[in-house]
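Chains as they are written, first to last, in this note's numbering: chain A, 1 to 91; chain B, 1 to 1001; chain C, 1 to 417.
Warning: the hint list may mix true and false statements.
To be verified - Straight-line Cα separation of at most 16 Å, EDC-like style, residue types lysine to aspartate or glutamate; simulated pairs:
| hint | chain 1 | residue 1 | chain 2 | residue 2 |
| --- | --- | --- | --- | --- |
| 1 | B | Lys963 | C | Asp88 |
| 2 | A | Lys18 | B | Asp745 |
| 3 | C | Lys178 | B | Glu139 |
| 4 | B | Lys129 | C | Glu107 |
| 5 | B | Lys282 | C | Asp312 |
| 6 | B | Lys147 | C | Asp273 |
| 7 | B | Lys479 | B | Glu493 |
| 8 | A | Lys65 | B | Glu139 |
| 9 | B | Lys282 | C | Glu315 |
| 10 | B | Lys166 | A | Glu13 |
Said to hold, decoys possible - DEER-style ranges, computed between Cβ atoms:
| hint | chain 1 | residue 1 | chain 2 | residue 2 | range |
| --- | --- | --- | --- | --- | --- |
| 11 | A | Leu3 | B | Glu483 | 43 to 51 Å |
| 12 | C | Ser403 | B | Asn644 | 52 to 60 Å |
| 13 | C | Gly200 | B | Lys166 | 58 to 66 Å |
| 14 | C | Asp27 | B | Gly518 | 18 to 26 Å |
| 15 | B | Glu156 | A | Leu3 | 35 to 43 Å |
| 16 | B | Thr588 | C | Gly143 | 39 to 47 Å |
| 17 | B | Arg18 | A | Asn5 | 24 to 32 Å |
Unchecked claim - Partner residues aside, some chain C positions facing chain B, computed with beta carbon under 8 Å:
| hint | residue |
| --- | --- |
| 18 | Leu10 |
| 19 | Ala14 |
| 20 | Ser115 |
| 21 | Gln127 |
| 22 | Lys133 |
| 23 | Arg134 |
| 24 | Val244 |
| 25 | Lys353 |
| 26 | Ile356 |
| 27 | Gly358 |
For the record, the hints were derived by calculation from the structure and aren't laboratory data. Glycine included, C-beta positions come from ideal geometry on N, C-alpha and C.
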Amino acid sequence: MFLINCPFCGEREQSEFKAGGEAHIVRPKQPTELSDDQWAEYLFMRKNIKGIQFERWNHIHGCRKWFNMVRDTSNDEIKAVYKMGEKPPVK
Amino acid sequence: MTKNLRVKSSKLVDETYRISFKFNGTTYYGFKGDTLASALLANNIHLVGRSFKYHRPRGIMTAGSEEPNAIVQLHNGTSRTEPNVRATEIEIYEGLVASSQNCWPSVKFDIGGINNFLSPLLPAGFYYKTFMWPASFWEKYEYFIRKSAGLGKSPEVPDPDIYEHKYIHCDVLIIGAGISGIIAAKTAAKNGFKTLLVEEKSYLGGSTIYQDSEFFKINNQSTASWLEKEINEIKKIENLEIKTRTSVAAFHGYNFLLARENLIDHLPLEQRENKTRQKLLKIRAKKVITATGSIERPLIFDNNDRPGILLSSAVKKYADLFGVACGEKNILFTNNDSAYETAISLIQKGIKVQAIIDNREEVDSKLIKETEKNNIKIYKGYTIVDTFGYKRINSVSIMKLSQDGQKVIGSKENISCDSLGISGGWTPAVHLFTQSGGKLKFRNDDQVFIPNTYPSNQISIGSCNGDFTLDEILMNALKLLKEFLNIKKTEYENIELYSAFNKSKRNIWLLPSNKIVGKTKSFVDFQNDATAKDIKLALREGFRSIEHVKRYTTTGMGTDQGKLGNMHALGIISETASSKMGELGTTTFRPPYTPLTFGTIVGRNVGKYFDIIRKTPIHEWHVKNKAEFENVGQWKRAWYYPQNGENMHQAVQRESKAARDSAGILDASTLGKIDIQGTDASEFLNRVYTNAWSKLEIGKCRYGLMLNEDGMVYDDGVTTRLDENHYIMTTTTGGAATVLNKMEDYLQTEWPELDVYLTSVTDHYATISICGPNSKKIIQKVIPEIDLSDKDFPHMSFKNSKIGKMKCRVMRISFTGEQSYEINIQANYAKSVWENCMEAGKEFNITPYGTETMHLLRAEKGFIIVGQDTDATMTPIDLQMDWIVSKKKFDFIGKRSLYRSDTIREDRKQLVGLITDNPKEILEEGAQIVADINKTPIEMLGHVTSSYFSPNLNKSIALGVIKGGKNMMGQKLIIPMEKKLINVTVTDPVFLDKENKRLNA
Amino acid sequence: MKNKYSIFSLIKNAFSYHENWEKAWKDPEPKKEYDVIIIGGGGHGLATAYYLAKKHNMRKIAVVEKGWIGGGNTGRNTTIIRSNYLWDASAGLYDHALKIWEGLSQELNYNVMFSQRGVMNLAHNLQDVRDLKRRTHANRLNGIDAVYLNTEEVKKFCPIINTSPDIRYPVLGGTLQKRAGTARHDAVAWGYARGADEMGVDIIQNCEVKGIKRNGDAIEGIETTKGFIKTNKIGVVAAGHSSVIANMAGLRLPLESKPLQALVSEPVKPIIDTVVMSNAVHAYVSQSDKGELVIGAGTDDYVSYSQKGSHDIVEGTLNAILELYPIFSRMRMLRQWGGIVDICPDASPIISKTSIKGLYFNCGWGTGGFKATPGSGDLFAHTIANDEPHKLNAAFNLNRFVSGDLVDEHGAAAVAH
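With the rest of the complex left out, here is chain A (with noise of 0.2 Å):
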């Protein structure tokens, strides 16, 4: 059970969250342009990162804020967490 700083409220309970897998996908602003093979690479494709990775959360159960969050996944470690929109920090 993670202990996880939100940006906006502090550190709250695992249980206050909810997690919302890959951060910084950003949704293409012209899909209909895409090919089926990009569309794909969009919606579906992830890199699935042991290590760091960089992700979203939300705390659904609190501020109802999404954020991001860089996290270790081969050991759960939290890293940092960042607001929306902010740039990532740097490893």
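Knowing the structure of chain A, use the given hints to seat chains B and C on it.
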């Protein structure tokens, strides 16, 4: 046989308080403070159970939670019976009834004991090699295997006890109240940390609390009396909470720990009613200090499992703490000094020590000298090669060890005994540390694994950190504490220590024997009957990793999880395979540390608290009017309202007819309602729905369909434009939360530039839907001030209004195809407005209807239900709802996915209507649809999604999805049921009022 | 077979105190080159190697495993085997596996303890009932032995389920597949390993793949902790870590690796002799031959390779268990553990060629891969040997994520109005 082996006064038991209990049908007596094990030993009973595989007689081996053998069934009546309880952990209480497990007819004469004689045929993994012939017979063999496996019996009736959860946040958590835990607790608390000290036993002080001799001293007092004073002192510290009978089960990441606090299991049965049995403590600690001590190692030699063989430390504990002698002729067998501590305790209590067998050749310490002074024969450089006595040990054979310890030499000597204490040194209890993600290192000197790197803010102190002598324990603990708590000094700076213990140890994992290993039974896992030869067999067969050996031999997989023997298994592997200890790794210590009751894990969330129940504000009315309810997500929805003994079919037929003939009323409050505001609200709806919203006039309603990004229908509902920048969206009942979450996600992460605010108002408003030709008249009666003329208030529009002083919103929308109005009213007024409607509708035979009738009515009109007529594979095009998919819009969620090679296929499954040849025949929802019943393999074209008997059309109707269904109108198809074939015709899905005349009727 | 297992060989060996058993498999060092290398020594990987040798006459085969064989999800799952899947493609795949299971102990001469004690799936709401009936009808027409049971029949088949109408989500019915059941997970890996080894497959343990060497669009070999090994064909069956291997080859897969937890109780005498699964009230339970209740929990929602999940998941699962089996309240959890499952968006597996010639993936089994082990191995072997999928795994290609032709086994998406 029955003897009293109680010796003079002891630390823990209260000899003025006698308790009677039953074991295997016989009544015995013990004292308050006894465990079941100590009380049985006091009655000279060692034989407690039978082993898992060979059904060998087994006795009490330890005095703690590491006990592998002495596990019993506790009775306490049928509802409180409990299997596999360790006799060493049960504090006896008046009325205790326990019995041996895994034996029949009795523990003394067990038919299963035949397995011991068949054991040559039952080596590790024998079941993988046999029971394969004849091929179909495995389940028959298995039946008998299953019967003979298992240990105790599961309860067969529900548990009447109460369990609870408690969250604890503390600065410092200390696990274990032995000497190092006590000094840590005092130091932390006195330095201002909010401290919690938990101890699995009922008393504080660990093994030091009964270390009462001149050989171990602190500040010139015996360690026991020094520690007693410390304990009395810490009990008074305000910011220190102490919990006994509290065992830490799991140490997770981020210093999140689970502990079980046992509250009533030690009380007489009649004092337990209505009390919480156990609490699961969910502890989040800023700092954790693990002081869990160490577990004594057994020694591995032939027949080392007989009743009467105990760990040497257990023999000492039973004598010192419980005042019980484990036998009258005790032998101790050791590879280190610990057994001499036991010997001295026994001598002090006047219990006879027959001999000490020490595998060390040259040994010298104050403890040994003291023992020798008492004329106890010490066999130095010897090992036990065999033991005798079926149900209780009666003698041992010893032989001299060779110089290198690899073999035995000389001749055998027999010594009689009735109890044997064994000591193979100590294993630090690093289980919790490794659970937390900590990494171990191997210390070669004394062959132990100790903590190396910590993954979180924690330390280990005391013997769980590999410090075994008094001065090591205290000096290292204090040093670590100062660093960890960031303090300059402790109260123990000038402490004076004296210990007579010498650390020398001669570690031999598998003691040599005069027999070949294949002829011996040297147990490594006592509960699962895994022996040294099993481990060697596994290695011989190519199972090299510790995990393979463990799984192949089942070593360490019993209810004690290998707390005694895992190290020996590793040792034997490393010796046999000539690999280095420490390079093999250890097996993973999986939580929980000791088994954790399901009830404790679940806490209060059982029975009616299993899951919350969501009820509409009108719920009580439905109950009063005898509605049957349907669970929809967490909601209770009125399903139908049977009258005068009607069954569901009859009720639904009546309700459906009334709704079309005159008026029906439905509680639609469970539909999700999301308030959407902001200058970009219209643009936002354009992006989340498939159709266009910008041009919707204020005061108008529109049906919308929502897709997932992969193009599949996800949710639907009517959204109303309340104002220029204000909409209210409805969603399906089950979809409300996910729709809101999804929209928030897009809004916050993809389109933060949009000025839109979303608020869930599902619970704030109730929705009362009235439909049918008389609905207008009823609404007019309920809301006299409103103009309901078709011109002023057409279908798909909305008005703000008032019922008395209560503000309401009225929408003219229809899910039944009838003229229909929905009143949205603040939830707390809903029941009275509903009652108003019923009163106003009386003259029109207004009929409440439930979800089943709603489903029927909408099916007559061919309206879909997301989740019933769709699964996650239907696009709007598949639903023949092309009209709702905007071709002009630049983009919306899921749009791109509609143009992939598979989603544009013409022969996808499409929604159609189905009419049975026999109008009375109602199809089964879920039934499959085929064209050619003779084709093999049979090709399923689709399935029936919705099916009803329509009282308004007087025939059965159904919706279904069929491959290429769009172009199959009029085609005959077959529904192959288990026992018959049903002929159907494909039709348009709209069965009633295709022209939508009834909307304005 | 050099060292055939039977009651007779047990008796014979008893006379020599079991000191003459041969190795179940050798532990060779890698050769310089193989015709095909399977990455991942779990049940699926070992089965793939076994069938490549047995049915496709390939000889120079290696299985490389970073730890010890069967140590991943093979040794961590709740061993449920069934084939009552909804879609034709899934039913075909899993029933193919089930048919192999039925003769597997004899084929491998290794008792995998496949026990056809039946698997029951419970319905707790009206949509569950529709979905289970739909599946049962489809199963029947696909020749799979599933039947629909009403509440009384559920109770009769498994009397300890709480079928009271008064519980929060009453049991409204269920399906039963009698041919379904459980097997001994370790034995499957070990049996295939022994069989493959006998046919000359090199099973190389403690050999971690560090890189995949490509020459343009073709495979040249793998870099491992035991050095470079040359090959033109690689089959990746590294459940949990599929994306890690894919990244080495410069591929991205539609996978997320998530923690999946399971637990067992202390062993007790037989109390439940079938497998009961409930989706709505999330609880799967069976009882092992040893007597432990084997309970499957759900996945967490975040990516993790730590083999640990959150306690909430375990608590929620036991919550559901006590709702359906209140008699288990005093039973105790003995062990709890986690595995890493890679999950596809449609909850169906990938057994497929890739854009790189000679590189094949078998992954995405999510929470249910164990049951498919023999079928998966057989079909993957076919795909690798022929560079073409078998018709039974054709639907499980990677291209479906581009075309949209998913095999969605999630079932119904939402709850009805």
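Serine 115 of chain C as chain B interface residue, shortest Cβ-Cβ below 8 Å: Hint on serine 115 of chain C: holds, closest Cβ of chain B at ~6 Å, below 8 Å.
Evaluation of the interface hint that places arginine 134 of chain C against chain B, nearest CB under 8 Å: holds (3 Å)
Per the CB criterion, is lysine 353 of chain C less than 8 Å away from chain B? violated (18 Å)
Against the 16 Å threshold, does the CA-CA distance of lysine 166 of chain B and glutamate 13 of chain A hold or violate the hint? holds (14 Å)
Do the numbers back the hint for leucine 10 of chain C, that is, is its least Cβ distance to chain B under 8 Å? With a minimum Cβ separation of about 6 Å from chain B (threshold 8 Å), the hint on leucine 10 of chain C holds.
Could you grab the alpha-carbon distance between lysine 178 of chain C and glutamate 139 of chain B and see if it respects the 16 Å cut-off? holds (13 Å)
Hint check: is the beta carbon of lysine 133 of chain C less than 8 Å from a beta carbon of chain B? holds (3 Å)
For a C-alpha distance cap of 16 Å, please report whether lysine 147 of chain B and aspartate 273 of chain C respect it. Status holds; Cα separation ~11 Å.
Taking the closest Cβ pair, is valine 244 of chain C under 8 Å from chain B? violated (20 Å)
Between lysine 65 of chain A and glutamate 139 of chain B, is the straight-line Cα distance small enough, at 16 Å or below? Violated. Lysine 65 of chain A to glutamate 139 of chain B sits at ~55 Å, over the 16 Å cutoff.
Arginine 18 of chain B versus asparagine 5 of chain A beta-carbon gap, inside 24 to 32 Å or not: Violated - the Cβ-Cβ distance for arginine 18 of chain B and asparagine 5 of chain A, about 57 Å, lies outside 24 to 32 Å.
Is the gap between the beta carbons of serine 403 of chain C and asparagine 644 of chain B within 52 to 60 Å? This hint holds: roughly 56 Å between Cβ atoms.
This entry does not satisfy hints 8, 11, 17, 24, 25, 26, 27, going by the numbered hints stated previously.
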